[in-house]
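Q: With the hints as your guide, set chain B onto chain A.
Protein chains: 2
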Amino acid sequence: MSGKKYTEEHQVVYYETNVTGRLNIGNLVDLCMLVSTIQSEKLGVSTEKLDEMGYGWIVTQNLIDVTRLPKEHEKIKITTVAKSYNRYFCYRDFYMHDENNQEIVHMHTVFALMDKKQRKIARIKDEIIGPYEGEYTTKLERLANPRAVEKVDYDKRYRVRFMDIDSNQHVNNIHYFDWMLDTLPEEFLKTHEVQHFNIVYKNEVRYGEVVDSKTEFLQDENVSLHQITVGDKLSCVAEVKWQPLK
Amino acid sequence: MSGKKYTEEHQVVYYETNVTGRLNIGNLVDLCMLVSTIQSEKLGVSTEKLDEMGYGWIVTQNLIDVTRLPKEHEKIKITTVAKSYNRYFCYRDFYMHDENNQEIVHMHTVFALMDKKQRKIARIKDEIIGPYEGEYTTKLERLANPRAVEKVDYDKRYRVRFMDIDSNQHVNNIHYFDWMLDTLPEEFLKTHEVQHFNIVYKNEVRYGEVVDSKTEFLQDENVSLHQITVGDKLSCVAEVKWQPLK
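Going down the list, the protein sequences come from chains A and B. 1 is the number of the first residue of the first sequence in full-length UniProt numbering; add one for each residue after it. 1 is the number of the first residue of the second sequence in full-length UniProt numbering; add one for each residue after it.
Same shape as in the complex, but just chain A (with noise of 0.2 angstroms):
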């Protein structure tokens, strides 16, 4: 048993696209956000349920391999399934497929659940986790983290604005991409893309708070090293490998 599947299909429209065509990071990870969701009421645990039993759910980390993204008016499909589950986390993986029912995107994301009334972690409840069929395990994932900033080589500055939250009442998720991306120089987000996206989400950001976004890149590698703090909090970090646009 590996959980029930789930798919929905898009089109990719103009303002989730930069000046490369491709479909941005952050509206990648709102996409299947959204599937994951769409699953959950169809199976009658929406957010909605949910709420009124006190819980939520929070994402811990994102880890996004990119073959391609896909690009402007592209027909795509997104399917998701909750794979398996221990006391504490739920991991969930997302396939992007184009319409030659190539996958070019996987996402796996790990999700825990929030007790919203003691603002801690709860152990995720039969009822919750049930109707997805995922496989119940007692192994915890040991998944990479990023590797921290060492050297700042790229350093902006971000007020936390009343639209960037979103009827969830979080930060959506596309603000923390476009922080950490945004100080990359233009030229570079110009000729590359993606190849890998290894995010952590630390502390919770609020409206009005100011945030700094620092950058490390390992021209060696390829690779860009992110870390977002607030004050002295350190609200997530981030490792990306680059590749070259195609």
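Do not take every clue at face value.
Pairs count within a copy or across copies, as identical chains cannot be separated in the list.
Unchecked claim - Below are the DSBU-like pairs computed for lysine-lysine, each with C-alpha atoms no more than 30 angstroms apart in a straight line:
| no. | residue 1 | residue 2 |
| --- | --- | --- |
| 1 | K116 | K75 |
| 2 | K116 | K190 |
| 3 | K5 | K71 |
| 4 | K42 | K246 |
| 5 | K71 | K116 |
| 6 | K120 | K190 |
| 7 | K233 | K156 |
| 8 | K233 | K77 |
| 9 | K117 | K246 |
| 10 | K42 | K139 |
| 11 | K83 | K120 |
| 12 | K117 | K71 |
| 13 | K71 | K4 |
| 14 | K49 | K190 |
| 15 | K71 | K49 |
| 16 | K233 | K83 |
In short, the hints are calculated from the structure, not lab data.
A: The following block gives chain B in isolation, referenced to the frame of chain A:
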């Protein structure tokens, strides 16, 4: 004859909304523009076709009337019709209807045709406007202009980010609306929604530029006046009438 109508359905998703659970005004405009783009494709006058001919549509003004903004999960219909045109301007209307077929939003938009090589407004060609079957008129519409900001009540500064520019090579609409509305106090934005939005675009903003967003709030009228500048250059102005959020 008043132009061919075209309708698309859409379900509002969480990342198009803000903490009020309502569709962001910037996303609303993006959704409308998408529908007109799809209509243009279907009529054989796509953005790509115009681009090959050396032209591109630009928006010079949006007048938005909101009865209420749709909520997350709500299914809406977006209808567009290119009603009329004269030598230099095309007037297009957009309507949003809810599931009870009630009109909840109406937007009137002025488009002009840009000659990309000469970087100036071109006369509207029959082969480009013909397929929409709008009415030719010799009249120029006299639309209200937003009143100018005279006394600055709120003031914020923004830098144009790489991801702000979409595949059309322009700063996406969303960001103009974000820059303007984000200046207002959180409490106000949480408890009010737009009733009428009149925005006039003057000069394009480019990647890396720093924009100043200045706002005057007319308490007696529940109206905010907005101005976006890059240095001394006026980029866009707007006047917004607000209503309490129901």
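Q: Hint by hint, which ones does the structure fall short of?
A: 8, 16
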